[in-house]
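Asks: All chains, please: the whole structure from these sequences, using the hints.
Chains A and B are the protein sequences, given in the same order. Each residue of the first sequence is one higher than the last, beginning at 0 in numbering that gives the first Met the number 0. Each residue of the second sequence is one higher than the last, beginning at 0 in numbering that gives the first Met the number 0.
If a hint is listed, it holds; no wrong ones were tucked in.
No copy is singled out in the list; a pair is fine if it fits within one copy or between any two copies.
Straight-line Cα separation of at most 20 Å, EDC-like style, residue types lysine to aspartate or glutamate; simulated pairs: (1) Lys-308 <-> Glu-213; (2) Lys-173 <-> Glu-327; (3) Lys-144 <-> Glu-116; (4) Lys-648 <-> Glu-327; (5) Lys-239 <-> Glu-335; (6) Lys-596 <-> Glu-73; (7) Lys-173 <-> Glu-74; (8) Lys-596 <-> Glu-72; (9) Lys-230 <-> Asp-282; (10) Lys-230 <-> Glu-284; (11) Lys-239 <-> Glu-43; (12) Lys-182 <-> Glu-335; (13) Lys-28 <-> Glu-55.
For the record, the hints were derived by calculation from the structure and aren't laboratory data.
There are 2 protein chains.
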Amino acid sequence: MLLSALLTSVAINSGLCILFCTLYSILRKQPSNYAVYAPHLLAEGKSKRRSRFNLERLIPSPDWLQTAWKLSEEELLSSSGLDAVVFMRLITFSMKVFLFAGIIGIFIILPVNCSGELHIVDFTDLPSNSLDVFTISNIGNRSKKLWVHFSAVYVVTAFICYLLYYEYRYVSSKRMAYFYSSKPQPHQFTVLVHSIPVSVEGSISDTVDRFFMEYHPSAYLSHVVIRRTSKLRSLTNDAKQLYRRLIHLKSDHTQQKDRRSSCFGLFGRKVDLANQYEKQLEDIEHNVRLEQASLAGEKEARAAFVSFKSRYGAAIAFHLQQSTNPIEWITEEAPEPDDVNWPFFSSSFIHRWISKLTVLVACITLTIVFLIPVFFVQGLTNLNQLENWFPFLKSILTIKFVSQLITGYLPSLILQLFLKMVPPIMLFLSSIQGYISQSNIEISACNKVLWFTIWNVFFATVFSGTALYVVDIFLDPKNIPGRLAVAVPAQASFFIAYVVTTGWTSVSSELFRMFPLLCSLIMRPFTGSIDNELEVPPLPFHRDIPKILFFALLGITYFFLAPLILPFLLAYLCLGYIIYRNQFINVYAPRYETAGKFWPIVHDSMIFSLVLMHAIAVGIFTLKKLSLASTFIFPLPVLTLLFNWYCRKRFL
Amino acid sequence: MLLSALLTSVAINSGLCILFCTLYSILRKQPSNYAVYAPHLLAEGKSKRRSRFNLERLIPSPDWLQTAWKLSEEELLSSSGLDAVVFMRLITFSMKVFLFAGIIGIFIILPVNCSGELHIVDFTDLPSNSLDVFTISNIGNRSKKLWVHFSAVYVVTAFICYLLYYEYRYVSSKRMAYFYSSKPQPHQFTVLVHSIPVSVEGSISDTVDRFFMEYHPSAYLSHVVIRRTSKLRSLTNDAKQLYRRLIHLKSDHTQQKDRRSSCFGLFGRKVDLANQYEKQLEDIEHNVRLEQASLAGEKEARAAFVSFKSRYGAAIAFHLQQSTNPIEWITEEAPEPDDVNWPFFSSSFIHRWISKLTVLVACITLTIVFLIPVFFVQGLTNLNQLENWFPFLKSILTIKFVSQLITGYLPSLILQLFLKMVPPIMLFLSSIQGYISQSNIEISACNKVLWFTIWNVFFATVFSGTALYVVDIFLDPKNIPGRLAVAVPAQASFFIAYVVTTGWTSVSSELFRMFPLLCSLIMRPFTGSIDNELEVPPLPFHRDIPKILFFALLGITYFFLAPLILPFLLAYLCLGYIIYRNQFINVYAPRYETAGKFWPIVHDSMIFSLVLMHAIAVGIFTLKKLSLASTFIFPLPVLTLLFNWYCRKRFL
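Replies: Next comes the structure, spelled out in structure tokens:
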């Protein structure tokens, strides 16, 4: 790849970013888009919906940038919770790392690479230089210059470890501050007990009562046995929705109060909406009563929420093993009420265990064989196939530009679409894994998506083959560094372009919220008013944390191979910094609080990136026949892993 | 190896065993050997020492066999504790396994092997057959007969897993019964707190008091801060010893009460021993007082025993994290008073962590490079070297028998001596690893010795090279089954001989107690009376459990390759069964009780043996070009590991 090609790509993608931002700054001011671009503000009542039309609405303005920039961490914490703070810390952490690595990379390593023996930089016509000139590939075997890279690896590793320790301590202190400052909440007094053994005499409720009266006589308060109530749940959900609509209707005096009764409100006789809702609500209440009556004493699951008189009592019940048989009377911390994942309460220990195992196998299979169907579908998109399937396209496909577009863009578009499907799939897999809270499901999905991305984007690209082939490489651990050293630098230009195209676009489309915008545009004609059912979305951490972590992995592994990646990465992170802060202010609101439980994933991922980088360094130095350097790298991964071990012991 | 050679070896070793047993049954009846052969009985006062001489003492009698055979599990439990019961369960478990595998092996697999294509059994002259005739090597490629071995692998794995589950449940129930039946003991009310943070105001003692008064106000009773008192400890040890001698002297009227004051009691003026002891005791008491006074308020370690009003209170303090900083105020269960390992109380978290790490590295290094010095020393024992060093041996070394003895036996003797040093070395390494109780040290040493043996005896023999070479093999995991399949069957005859020679001899020398007997014989002239300082030894579990587990590993891995190993293994286990029961009655007494904590080691080792056996089976079937069978074996290790995972969750 030539430098000019990269510069073209940078220019195109910068243009796209600016376009997105400009469009955003206009669209966000249109009242009809408030539900898309500022649901959080709307829900908090900080934004008024109906304002009269004025010209200012059509002129792009950068005031949102200023608001986002000025937001302090305390404000973020109070409005979006600790998880948002942790997410922003991840971005600032990466910025610090890549600023430091960038200074070393651009001012020390890059000149050294350029002065290498293999190619000579053509300063008269910079854009025509190959990107290889700027990478480590440009340095000859046994060159003393490699010691610069060696030192850089040591310095940057030390810096990252220092920062990791500092950040972990900070997150940990924030986490404690959160617990100290939070008021006593019901779920803190409660534990969830599951796998309650069935006794012949008496119901589950009696058993639970007897058990806790006997073993926790002073602390035990009460309990609620969990019942299988999917019908009841849907009824109460309906009731909630109706209630919300009714409240909205009564409070908002501008809205039309009646509507035609059928066919999307276009035809039929007019009815009073408020009356109609109230009548529906009464019906539902009646049904709920009936259902509750039929439930009494039946359909008890073998699980219960047990409440204690003090948080200390609940903590004791949670930490001590309750039964001599460790797979009965299992206690878990009760999740926040909004965080409960109901479907899995009824399952026994064995049931959970089997589902966990099945999901594990499914994940590994998915991760390993994912690229096979993708390649297959991509193969189908060749021109002849398309012409066979859709003969009417024949005339269009003969145009050179169209055919280039299809062969050039379609395969990568298909790959991106498939990759977009991964976070929901992983979330689904995690949800059937037996977790009792949404937050645990999301944490688990976050991990799954991260490893999936590393495997299927990094390794599959690096070894330019299917993941199955990669498995084969990993079964031969002795040769991993050598193979990495050959394959990783070869993909440097690809990944630099990847940061610019995928990275920049993904973060600016995050701002633009393409999909919700389209949904809102399509649905608007069919629904009378949108914010009747205004739902403030939470940030899908399981989608965005792995994305940022993956770019951090690229930065860490490539900083000494191809330091040219670092400025683009920094630009990505700066964009992300402003845009995510803006989104936290305007769009996302937390649904539950994990209180910083995402940080260990970040920490582990960084440690993995470091060790991977060391493995590549070992391979590179061996390849360049500087065996002394590759020997001296060896202590580094060991020390990094020890550092990780210490951090795990020390924090959280 | 020919069958006749094996039979010779069996004959020689049977002879040795019978000789040992006969000698034992005479020697044990000599009063002077009571301290060697029946210290446990002596200490319990069940055996009277001085009986008059009679002829019966010189005639070997098998009555000890009968006593050992009749011992019930309840008697063993009450006299030697749960650990002895678990040890005997290990032996009976192995007997059951190899009885079952033996029936399948001898009556089904052995005939199939003999009917193999490659060699034909010469029934007219059985002893002249090669042992290969009886192994799987005798079966040709793609033979349908291999399905017999395939089925045997499945059946035996299922049987072993069933037994493992059953035994784990039994041990677990015994463990609970032990806790239920034991009277409340001080250490159950106590936790050990270490890594107490140093505060500027006040001593450690005040800090502990304040901390537990604040966080455990209702349960906290008192505490004892640990001090560095090595001098005081040696003084009290001296006092204890003197006191024991004095008591013994006063109670035993037959013994001489005075002795000459110098030179091993041979010369000097006579002194009254009782008086002398009492005077020494008074001196020590005085010194103890002085030392105690000088200690007050000084040399406090950052650790304390904290006692609670109830066992429940202690359990809560042990299970809950005490501090927001997880590396301060670390709680551990207090060990039994006799079980405490004092030297490591003063160390901080980081100190323990570093020592643990150092020991880990030392162990791995020792395990990997152990064979190198052994081979080196063995190399030095060639005849020319010996002649150079000790010229006076020249005439003896020229005799053919002597030279054969030296070249034939000396290397294996040196190897055995080096191996004998391993359990003490591992015990030492574990003792500096930061454990606070002797029992944990022993459990950890047991694990270390086990893996050392598997690595340096099994793998080093199988791949007939140093362990460094074995490391190289394990870095190429894909080819492990293939390499095992080539190497393991080739060593079948060696390991059959190993069971007969090393196994049988080691267990009968356990009965004979060669080393204590020699010590007692040598020391007798110098000490007036032996049982003044009668110490009842505990069974060194860290030496004997790995030994038995290693033979079980041999049995499990070889049962379908060379079923001829099974009868010899069964004989070894039967011998062990009788002899260890006898030793528990007569010799060993428990010093502390781990209450069955050795069983998980047994369980894990069995699971490892099974998975190793499956890997070998996969390799063998691939080698014999029966790829269908090797594919169908794959689920087996997965299921076994899942079973192991379940057991870990389910028990203890």
